[in-house]
Amino acid sequence: TQLLEQSPQFLSIQEGENLTVYCNSSSVFSSLQWYRQEPGEGPVLLVTVVTGGEVKKLKRLTFQFGDARKDSSLHITAAQPGDTGLYLCAGVQSYGGSQGNLIFGKGTKLSVKP
Amino acid sequence: DTGVSQDPRHKITKRGQNVTFRCDPISEHNRLYWYRQTLGQGPEFLTYFQNEAQLEKSRLLSDRFSAERPKGSFSTLEIQRTEQGDSAMYLCASSHPNTGELFFGEGSRLTVL
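Which chain is which? The protein sequence lines are D and V, in order.
Every number in the numbering used here is 72 more than the matching position in the first sequence, counting from 1.
Every number in the numbering used here is 8 more than the matching position in the second sequence, counting from 1.
Think of the hints as simulated: they come from the structure by calculation, not from any bench.
Hints are supplied without guarantee of correctness; some may be wrong.
[As the list claims (entries may be wrong)] If the Cβ cut is set under 8 Å, some of the chain D residues that face chain V in the computed set are:
(1) E113
(2) G114
(3) P115
(4) L117
(5) L160
(6) L174
(7) F176
(8) G177
(9) K178
[What the hints assert, rightly or not] One side only, chain V facing chain D, incomplete, derived with CB under 8 Å:
(10) Q49
(11) G50
(12) F53
(13) L99
(14) E109
(15) L110
(16) F112
(17) G113
(18) E114
(19) G115
[Stated by the list, open to error] Derived pair list, reagent style DSBU-like, types lysine-lysine, alpha-carbon separation capped at 30 Å:
(20) D:K128 to D:K181
(21) V:K65 to V:K19
(22) D:K142 to D:K129
(23) D:K131 to D:K178
(24) D:K181 to D:K131
(25) D:K142 to D:K181
(26) V:K19 to D:K178
(27) D:K142 to D:K131
(28) D:K142 to D:K128
(29) D:K131 to D:K185
(30) V:K79 to V:K19
(31) D:K181 to V:K65
(32) D:K185 to D:K129
(33) V:K22 to V:K65
(34) D:K142 to V:K65
(35) V:K19 to D:K181
(36) V:K65 to D:K178
(37) D:K178 to V:K22
Computed from a predicted model, the values in this text were never measured in an experiment.
All C-beta atoms, glycine included, are put in the ideal place defined by N, C-alpha and C.
Using the sequences provided together with the hints, build the complete structure.
Quick look at the structure:
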């Protein structure tokens, strides 16, 4: 069983469309991070959310942390081909988790076609 | 370049051979992590160090795997008697003591034939 479930697993859209990807869990997390990974490269941190209900914006990307700190979403407005990549959410569990053990979801593979 | 660097980037080996990967973290980061990632999966935690102390190891880290960080700077991950199932991308990351945010290297891709 995956602790962090990401959906959808794959997403293929046209340039200019909007999209939302989700990261869900039955566990509470002290923080959640979103990463973007390109083929053959390591993940690159986009944002960290720590407070329930928090919303953070990074240009056309909007990140939200659920009130109960069990889920998060990433919304991209007017997607561009440069947004193509694997989007990963990762978190540290509030209870029973280790500070060193950042748990990753399987990721959402996004393809934006021109 | 002051990011996390990993060496080698690619390694092809025959089953049964030993391999070693090296990771040089960002210099002021005291925590260093090893993750493994296979195709279609997110990174899976293997182990992490705070300075030279190995604080946690995953059950994924069998007896054939050993990681060291002898002087609290660079780290090595050795896999003995490699198996085909060890084929994966091995990712190293380091984090700043205050922010805890991880910065990943580009990974070392292992192919076991």
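We went through each hint and held it up to the structure:
no., hint, verdict
1, E113, "holds (5 Å)"
2, G114, "holds (3 Å)"
3, P115, "holds (5 Å)"
4, L117, "holds (6 Å)"
5, L160, "holds (5 Å)"
6, L174, "holds (6 Å)"
7, F176, "holds (3 Å)"
8, G177, "holds (5 Å)"
9, K178, "holds (5 Å)"
10, Q49, "holds (6 Å)"
11, G50, "holds (3 Å)"
12, F53, "holds (5 Å)"
13, L99, "holds (5 Å)"
14, E109, "holds (6 Å)"
15, L110, "holds (6 Å)"
16, F112, "holds (3 Å)"
17, G113, "holds (5 Å)"
18, E114, "holds (5 Å)"
19, G115, "holds (5 Å)"
20, D:K128 to D:K181, "holds (22 Å)"
21, V:K65 to V:K19, "holds (24 Å)"
22, D:K142 to D:K129, "holds (19 Å)"
23, D:K131 to D:K178, "holds (25 Å)"
24, D:K181 to D:K131, "holds (20 Å)"
25, D:K142 to D:K181, "holds (22 Å)"
26, V:K19 to D:K178, "holds (24 Å)"
27, D:K142 to D:K131, "holds (25 Å)"
28, D:K142 to D:K128, "holds (17 Å)"
29, D:K131 to D:K185, "holds (20 Å)"
30, V:K79 to V:K19, "holds (25 Å)"
31, D:K181 to V:K65, "holds (29 Å)"
32, D:K185 to D:K129, "holds (23 Å)"
33, V:K22 to V:K65, "holds (26 Å)"
34, D:K142 to V:K65, "holds (25 Å)"
35, V:K19 to D:K181, "holds (26 Å)"
36, V:K65 to D:K178, "holds (21 Å)"
37, D:K178 to V:K22, "holds (29 Å)"
Checked against the numbered hints given earlier, this structure breaks none of them.
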